[in-house]
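There are 2 protein chains.
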Amino acid sequence: MESKVVKAYGTASAEADLKQMNINRRSVTPKDVEIDIHYCGVCHSDLHFARNDWGMTQYPVVPGHEIVGTVTKIGSGVSKYKVGDLVAVGCLVDSCRTCDNCKDDLEQYCPQWVGTYGGYDKHLDSPTHGGYSETIVVDEEFVLRVPKNLDQAGIAPVLCAGITTWSPLKHWKVGKNSKVAVVGLGGLGHMAIKLADALGAHVTLFSRSPNKVKDGLALGADQVIISTDEEQMASVMGHFDVIIDTVPYAHDLNPYIGTLATNGTLVVVGYLGPLDPMLVTVPMIMGRRSVAGSLIGGIAETQELLDFCGKHNITSDIEIIKIQDINKAYERMLKSDVQYRFVIDMKSLKA
Amino acid sequence: MESKVVKAYGTASAEADLKQMNINRRSVTPKDVEIDIHYCGVCHSDLHFARNDWGMTQYPVVPGHEIVGTVTKIGSGVSKYKVGDLVAVGCLVDSCRTCDNCKDDLEQYCPQWVGTYGGYDKHLDSPTHGGYSETIVVDEEFVLRVPKNLDQAGIAPVLCAGITTWSPLKHWKVGKNSKVAVVGLGGLGHMAIKLADALGAHVTLFSRSPNKVKDGLALGADQVIISTDEEQMASVMGHFDVIIDTVPYAHDLNPYIGTLATNGTLVVVGYLGPLDPMLVTVPMIMGRRSVAGSLIGGIAETQELLDFCGKHNITSDIEIIKIQDINKAYERMLKSDVQYRFVIDMKSLKA
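The listed protein sequences correspond, in order, to chains W and V.
The working numbering applies: residue 346 is where the first sequence begins, and numbers increase by one.
The working numbering applies: residue 346 is where the second sequence begins, and numbers increase by one.
Next comes chain W alone, as it looks inside the complex:
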């Protein structure tokens, strides 16, 4: 298979900083789209993967799965896109396309889904590489259309942080008059607030920090409950239809379960790490409450979200960085020192 060398940022080991390297991108097959990458969001998973926190990284790794750019070349059989189209790529670049999940537009639950990085590129017989690079080549079925009215950089985080919160909001039927709570105000949490608000829900932010009240309200929350304040917590007992828990480390879910209404569901969307929570089942039994997990979203659902963002003029709140600052950005991300997502301007790589 023909390929070409492009510039990227990645790392060859868990201990090393990310640095510039060359990678191969395959030539377009009949169904492929080649994309010139303009912006790539920086996700917590990028850092976890670069540092092998999940014990599954194959090196070298080039992270990045919140990709926005323009089509520069199409394969002979491509029908959905043409050169010059503004497009996006999220966390998935392929799946088996034949299993029940794929048939149900739930490619993210396909046992053979191919991650945008760290997956397996069957054409090149090598690992897939992500969006910290000049270009990417992706099957058109896994390419998304970006509404032209939206800021290109601001839309990048929608591809992971956005869809990860959108999918459970839609699956658990959040709409007008739903009572939704969001736990944690980071990349995912701030998108969850914006999206639930735009869906017409009454939105509550749970935060441990009184400093987050002003920001939570500005993003669209109707109230902020300080989760360490017993009186405030008591005021929302039995209240919520859906809670989106975005906190990406081990924490106690039980205080939130009591705030669910009858038939309510708490959805975990962050990776809680090896210290999993104890689950107190009595409050679940006494109100037919559920704890669920949810993973990103399917391709059709991600397109639905991008179109929704276009219609409601929703983008992520971001801080644009140069690729050369990615290691500093990782350190700041570990301290939650970002409001609310870093996005790499890929011109910095091409310069």
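These are calculated hints, taken from the structure and not from any lab test.
The structure displayed is predicted, hence computed values, not measured ones.
Any given hint could turn out to be false.
No copy labels: a pair is met if it fits in one copy or bridges any two.
As the list claims (entries may be wrong) - Once the Cα atoms are required to be at most 35 Å apart in a straight line, the calculated DSBU-like pairs of lysine-lysine come out as:
#1 Lys515 x Lys349
#2 Lys692 x Lys656
#3 Lys448 x Lys518
#4 Lys515 x Lys448
#5 Lys518 x Lys692
#6 Lys352 x Lys467
#7 Lys364 x Lys673
#8 Lys493 x Lys695
#9 Lys448 x Lys521
Please build the complex by placing chain V on the supplied structure of chain W, with the hints as guidance.
This is chain V only, laid out in the frame that chain W set:
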């Protein structure tokens, strides 16, 4: 308020055996039905309550919430029942009737629901007493009609063991072609198998004991998976739409979560005790799987179940005992030495 003294079986302390005692039953108010009790099922909760395992028992306590009998008297405003009707009473004898849960026929989740025993009888200003007694007086709205074609003793456990498994089967929309698993083969488990089978589902029993295979199949299971056999467990990974977990003590839920299909739900209906389970969230996230709790069922849903049992000729598999043998029965129940429910023939109390 007028009342009359009737014979019952109960206990005045956590340490004492149950023995015969006298209790007061109120005279019928305009909306009340007086019931001559023929049979009363013996539920694990009876034992927990008698021994104050949940730390909330007020003594003396008279257990029993799987009650079948005939109407012997009705209040002036009763419209649903007449003297001589075959009726039943389950776990609830009242609720607030005005909250959202009550309006939604979910009286079991009303914060003010009144238990058949250990609740508060507002007419007598005293604790409610259960079915281990000659008679009971209950508001007609909490009385159920029993299909005449069914064995009276066999229908008693439907009022708790049956509805506890029926409610989640219906809420999670089990029907033809659903793949359902049942964890544990006791009073609840054997009803869950019968009901899921009658709903048209493909039913699997999870059991730790190879001795249960024959019985599980005889009750209607299509297969029995020995949960300690890794190969058998691997054969059902990603398989089930709904798992009804009936095991009434602390145990590890995680091996079962992996056997749920995408969007599948494991429903805990047993009280797991103070040792609550660790929840490994990754398999939940990777397949949008849920863990939920469910508590008995509402009055309308319990009537629906009794009618369903009448239509499908379903009763519980029982062992009939005399009230004088209740303490022995409790000891055998603790050793799971019952197939699958004790039912007290209340003639033994009246003799």
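Determine which of the earlier numbered hints do not hold for this structure and return their numbers in increasing order. 1 and 5
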